[in-house]
Amino acid sequence: MWVGFLLLSIFRTASSFALLHTQVNNQAHQCHAVNQDKRCRVAMVPSSENNDAESSRRYILGRLLKLTGTIAVTKASVSQAYTPDADPVKESLYFVSRVQEATVQQERFINKTPRQEDLKQKMKLTLRLIEKNYKLLDQITFLASYIQSQDDVVVATSAGYEAVDALQNAIDYVKTDLNTGPIRNDQKEFLTSNLRTCREELFIFLKYIPSDKLAEARKRVEQENVLNREEYDGDGSEGVFNPVVLPWKSQPQ
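When you number the sequence shown by the UniProt record's numbering, it's gap-free, plus one each residue, and the end is 253.
Think of the hints as simulated: they come from the structure by calculation, not from any bench. Where is the CB? At the ideal position from N, CA and C, for every residue including glycine. One or more of the hints may lead you astray.
[Unchecked claim] Ranges of calculated distance between the beta carbons of each label pair, as one might list FRET restraints:
id: 1; residue 1: V155; residue 2: D118; range: 34 to 42 Å
id: 2; residue 1: R229; residue 2: D118; range: 18 to 26 Å
id: 3; residue 1: D118; residue 2: D151; range: 41 to 49 Å
id: 4; residue 1: Q148; residue 2: T180; range: 50 to 58 Å
id: 5; residue 1: R184; residue 2: Q150; range: 28 to 36 Å
id: 6; residue 1: E216; residue 2: R115; range: 39 to 47 Å
With the sequences and hints as input, model every part of the structure.
Structure (C-alpha cells):
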C-alpha cells in the first residue's frame, strides 16, 4: 500500500541525518547579506552512533507497522542504507522533492479515507515524520542563501514560506480538528487545498534554484522509489501496490 511506500521513503533517509546536518551547518555561514535580517535556521540534529540510529529506526518502524498494517519488513537490505549526497544543495533539494511527493500521497489518502479517526491516526504520524525528517523551513532558508539576486530572493523565499505555512496548516488541522465520524467535505477541502498550496508554492521556489542540481535530486528520488518497490515485502494479499505519480512528472512542461 502507498502508506508503506511513503514510510519506506522516509526511513531510507532517517537513519543518517547527522551527516547531512554537519554539511548544512558548515554551509549556513555562507548565507547572503540579503538574508541576514532573517534568522538563518538550518537543519540540525544531534549526532548519534550508527547503532543508536538503527535502534531508533527499528523502534519507530515497529510502531508504524502496528498503526498502519500496510507494510511488512522481514530483513534489512543494503539498499535501505541512507547515503547523503556530498553536495548539500542537492541533498536539500532532495528533501524538498520528497515533501512535494508526500503532499500528493497525503492528498490521495484524504480522498480515499471515509472516517476522521482513521485519517487522523495515519496522517498525524506521517506528517510528523515528514516535518521532523525533511525540515522544510530549514531547507528553504538554506537554499535561499544560494540565490544571487536580491529581488529573486524575495520572491523565492515568499513562495517557500507560503509552502511551509500551508504544510503547517495541514499538520495543525489533523492534530486539532479531526475527531470521529465521517469526513466532511469542508475538512477534505481544507486539507487538500493546503497540501496543493504547499506543493505549488514549492514549484515557484524551485524556479530560482539551479535546474541541473534539481534534476539530479529528483532523479535520486525516482531511483530510490524503484528500490522501495523492489523491497516491498507484501505477500500479494494487500492489493495492488500503487505509488503516486511524482508531481514534477505530471506538471505541464
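Hint by hint, here is what the structure shows:
1. V155 - D118: 34 to 42 Å: holds (39 Å)
2. R229 - D118: 18 to 26 Å: About 25 Å separates the Cβ atoms of R229 and D118, which means 18 to 26 Å holds.
3. D118 - D151: 41 to 49 Å: holds (46 Å)
4. Q148 - T180: 50 to 58 Å: holds (51 Å)
5. R184 - Q150: 28 to 36 Å: Since R184 and Q150 have Cβ atoms about 44 Å apart, the given range 28 to 36 Å is violated.
6. E216 - R115: 39 to 47 Å: holds (41 Å)
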